[in-house]
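Trainee: Kindly generate the complete structure, drawing on both the sequences and the hints.
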Amino acid sequence: MSSIQGIRTSRLRNFFAFQRDPLGFMVELLHEGELVSLRTSRTRPTFIVNSPRFIQSILVSQEASFRKGRSSDVLRRTLGDGLLTTEKETHSVQKRYMQPAFYKERIQAYAETVRELTREAADRIRPGQTVALHDELMQLTLAIIAKTMFGADVDELKAELAAAVNDTIERTAKTLFSPLVLPLSYPTPGNRVHRRAIRTLEEMVYAVLDDASRTPEKYRSTLLGMLLDTTDGEGNPLPREEIRDQMMTMLLAGHETTANLLTWVLYSLGREPEVAAELYRELDGLHGTPMSAFEAYRRFTFLPKVVQEALRLYPPAWMILRESEEKVVLHGEAFPAGSTFLISPYAIHRNGEVFEEPLAFRPHRFDGGESAWPRFAYFPFGGGVRGCIGSNFAMMEASLILSGLCRSLHFEPLDDAPAVPEPLVSLRIRGGLRMRAVQR
Numbered sequence: 085m086s087s088i089q090g091i092r093t094s095r096l097r098n099f100f101a102f103q104r105d106p107l108g109f110m111v112e113l114l115h116e117g118e119l120v121s122l123r124t125s126r127t128r129p130t131f132i133v134n135s136p137r138f139i140q141s142i143l144v145s146q147e148a149s150f151r152k153g154r155s156s157d158v159l160r161r162t163l164g165d166g167l168l169t170t171e172k173e174t175h176s177v178q179k180r181y182m183q184p185a186f187y188k189e190r191i192q193a194y195a196e197t198v199r200e201l202t203r204e205a206a207d208r209i210r211p212g213q214t215v216a217l218h219d220e221l222m223q224l225t226l227a228i229i230a231k232t233m234f235g236a237d238v239d240e241l242k243a244e245l246a247a248a249v250n251d252t253i254e255r256t257a258k259t260l261f262s263p264l265v266l267p268l269s270y271p272t273p274g275n276r277v278h279r280r281a282i283r284t285l286e287e288m289v290y291a292v293l294d295d296a297s298r299t300p301e302k303y304r305s306t307l308l309g310m311l312l313d314t315t316d317g318e319g320n321p322l323p324r325e326e327i328r329d330q331m332m333t334m335l336l337a338g339h340e341t342t343a344n345l346l347t348w349v350l351y352s353l354g355r356e357p358e359v360a361a362e363l364y365r366e367l368d369g370l371h372g373t374p375m376s377a378f379e380a381y382r383r384f385t386f387l388p389k390v391v392q393e394a395l396r397l398y399p400p401a402w403m404i405l406r407e408s409e410e411k412v413v414l415h416g417e418a419f420p421a422g423s424t425f426l427i428s429p430y431a432i433h434r435n436g437e438v439f440e441e442p443l444a445f446r447p448h449r450f451d452g453g454e455s456a457w458p459r460f461a462y463f464p465f466g467g468g469v470r471g472c473i474g475s476n477f478a479m480m481e482a483s484l485i486l487s488g489l490c491r492s493l494h495f496e497p498l499d500d501a502p503a504v505p506e507p508l509v510s511l512r513i514r515g516g517l518r519m520r521a522v523q524r
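Every position in the sequence shown, counted from 1, becomes a number in this note's numbering once 84 is added.
Just so you know, these hints were derived from the structure itself, not from any lab.
Mixed in with the good hints, there may be bad ones.
Dumping the calculated DSSO-like pairs for lysine-lysine here, alpha-carbon to alpha-carbon at most 27 Å [said to hold, decoys possible]:
| no. | residue 1 | residue 2 |
| --- | --- | --- |
| 1 | 231 | 242 |
| 2 | 302 | 188 |
| 3 | 231 | 188 |
| 4 | 302 | 179 |
| 5 | 152 | 172 |
| 6 | 188 | 389 |
| 7 | 258 | 152 |
| 8 | 179 | 152 |
| 9 | 172 | 411 |
| 10 | 179 | 231 |
| 11 | 258 | 242 |
| 12 | 172 | 231 |
| 13 | 411 | 152 |
| 14 | 242 | 302 |
Mentor: In structure tokens:
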């Protein structure tokens, strides 16, 4: 029996249904089959992948037959040829020289910066204040990534930079889901906004890069310092544009996703008082015990499960796209070169056959770890050679920010209206999130 099921509606109706509600579209097709054909084209077909075994083949065991495709092409307009957009050997070389920035000893050092900047952000919030949490978290995570990765203090620029990141994300998402992609040089209103946002980010990137080139000793312990020390096989330093591309990649991919994740965490805690109470008991039990930031992170037991459950229900990387570069056979099914495969962690994480009460926010489902579930039933950071290089950093950062903000504050919802997910480049809450800070 074939693993492929054809969708019952027309090609045009599929297109408009996906454009209108991509998350709902993917969830609706979750139990239609391991692979669902969207009947887009005989020569370049598109499939939704619902099966962990097919996902493992595409992302791991047969990953050499695939490329990221259109998603990389669109992101390259902003990021250039950085770790997120390069393919094959170029990506392998870049990952090799970027990886040491995310070794355990580096993350231990970054943890102190995360705790310090979070404490400063928490001190600015007053009990009774209504807080635009997404905006605050975007600025905080931007300051953290700039300080840890580039050794840069962007406190005076963080609001302007965060706005530029937001414009870039929105314009990139519109391009990613548009059937017509105009060159960025075309003077459309959207392109003008996008180019202006890129210039704002580049001004900061090049200013820091110029200073690091003049005084490299100040940046030795940062990713930027490592990039400046990296040479190719012939001893040549990395080109300036390549360093720019990696800095832009870290700047955008390294903070917006964490800000979105934490917005969902605080939203969920506001709607789940029993979960919030258990989290606060853990924080109170560790309060007052002198320890390093990383040691505190390692001693949390319930808090990481809260973060993991938010990653399950609201994974920032809500969709992964792959295109076959050659004819490929997956579990007995043959696919032509140019086939597109859409993989949605958002939908797959809602599989009731794997997760009991899949729509409920239940951190204790992680008490036994992830080994009880099939591989790629839960994969918020992707997987394989293209898995998120900063996943350990992201977990540490999210955990310490959450503990720092909630050490003495609780954030309560202003109303009972459910948040609406907005699937852009990563998954955020439509319209942001405003909550009231309450002393606890």
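Trainee: A separate judgement is required for each hint: does it hold in the structure or not?
Mentor: Checked hints:
1. Taken as a hint, the residue 231 and residue 242 pair is honoured in the structure, with Cα atoms around 12 Å apart against an allowance of 27 Å.
2. Taking the CA atoms of residue 302 and residue 188, the gap is near 21 Å; set against the 27 Å cutoff, the hint holds.
3. For a cut-off of 27 Å, the pair hint linking residue 231 to residue 188 stands: about 18 Å separates their Cα positions.
4. Restraint check for residue 302 and residue 179: the C-alpha separation of about 24 Å stays at or below 27 Å, so the hint holds.
5. Of the supplied pair hints, the one linking residue 152 and residue 172 holds, its CA atoms being roughly 10 Å apart against a limit of 27 Å.
6. Between residue 188 and residue 389 the CA atoms are separated by roughly 20 Å; this keeps the pair inside 27 Å, and the hint holds.
7. Restraint check for residue 258 and residue 152: the C-alpha separation of about 18 Å stays at or below 27 Å, so the hint holds.
8. Note on residue 179 and residue 152: the hinted pairing holds, with a Cα-Cα distance of about 16 Å set against a maximum of 27 Å.
9. A hinted pair counts as satisfied when its Cα atoms are at most 27 Å apart, and residue 172 with residue 411 qualifies at roughly 17 Å.
10. In summary, the hint linking residue 179 to residue 231 is supported, as the alpha carbons are separated by about 21 Å, within the 27 Å threshold.
11. For the given pair, residue 258 sits about 24 Å from residue 242 by alpha-carbon distance, which is consistent with the 27 Å threshold.
12. Our distance criterion of 27 Å between C-alpha atoms is broken by residue 172 and residue 231, whose separation comes to about 30 Å.
13. Between the alpha carbons of residue 411 and residue 152 the distance comes to roughly 16 Å, so the proposed pair stays at or under 27 Å and holds.
14. For the suggested pair residue 242 and residue 302, the alpha carbons sit about 21 Å apart, so the restraint of at most 27 Å is met.
The structure shown violates just one earlier hint, number 12.
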